[in-house]
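Trainee: With the hints as constraints, model all of the structure from the sequences given.
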Amino acid sequence: MNPSRQASRFTLDHVELFVDDRQAAASWYADVLDCEPVPGTELWAADPGGPLMISPDGGRTKLALFEGQPLGNRQPVGFRRIAFRVNATEFLAFMARLPSLGIAARVMDHGAAWSAYFTDPQGHPLEVTTYEVEPVRAARATG
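Its first residue numbered 13, the sequence shown is counted upward by one per residue in the numbering used here.
Don't read these hints as lab results, they were simulated from the structure.
It is possible that some hints are incorrect.
As the list claims (entries may be wrong) - Simulated restraints, written as ranges between beta carbons of each label pair:
no.	residue 1	residue 2	range
1	Ala-153	Ala-36	15 to 25 angstroms
2	Asp-43	Thr-141	14 to 24 angstroms
3	Thr-154	Gly-80	20 to 30 angstroms
4	Asp-32	Pro-147	20 to 30 angstroms
5	Pro-60	Val-119	35 to 45 angstroms
Predicted model only: the values in this text are computed from it and were never measured.
Cβ coordinates follow ideal geometry from the N, Cα and C atoms, glycine included.
Mentor: Have a look at this one:
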């Protein structure tokens, strides 16, 4: 960011995803990434063409689930993946839960970050990442 500029008033609000079943997708995101329906958006979800809004952080950032043709195995057009940031403890807990969730993730040490790459059942590329690298590196070395 340009140091002469003030902090931006723009923040990420939501990412829209097409899924074949909004309720099933919301349930998967609840199980895997602790996403919950966003209060106050129930009328949108009641409309079959509207979004089911879910969030891992109380509504500050959201996923808007729309019914439609999911990505599947096609390469994404317009975005590469959605990344969720957690602290080191949450990252390690997430990694420990993956086998019970039936999720195979590719885990990478990027030096300044650790990331786990995987897809949702619809084929959307996802990432869970932490910038608290040393606790993760230490735990993985002893694990």
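Trainee: So, for every hint listed, does it hold in this structure?
Mentor: Status of each hint after checking the structure:
no.: 1; hint: Ala-153 / Ala-36: 15 to 25 angstroms; verdict: violated (38 angstroms)
no.: 2; hint: Asp-43 / Thr-141: 14 to 24 angstroms; verdict: holds (19 angstroms)
no.: 3; hint: Thr-154 / Gly-80: 20 to 30 angstroms; verdict: violated (45 angstroms)
no.: 4; hint: Asp-32 / Pro-147: 20 to 30 angstroms; verdict: violated (38 angstroms)
no.: 5; hint: Pro-60 / Val-119: 35 to 45 angstroms; verdict: holds (38 angstroms)
Comparing the model with each earlier hint shows violations of hints 1, 3, 4; every other hint is respected.
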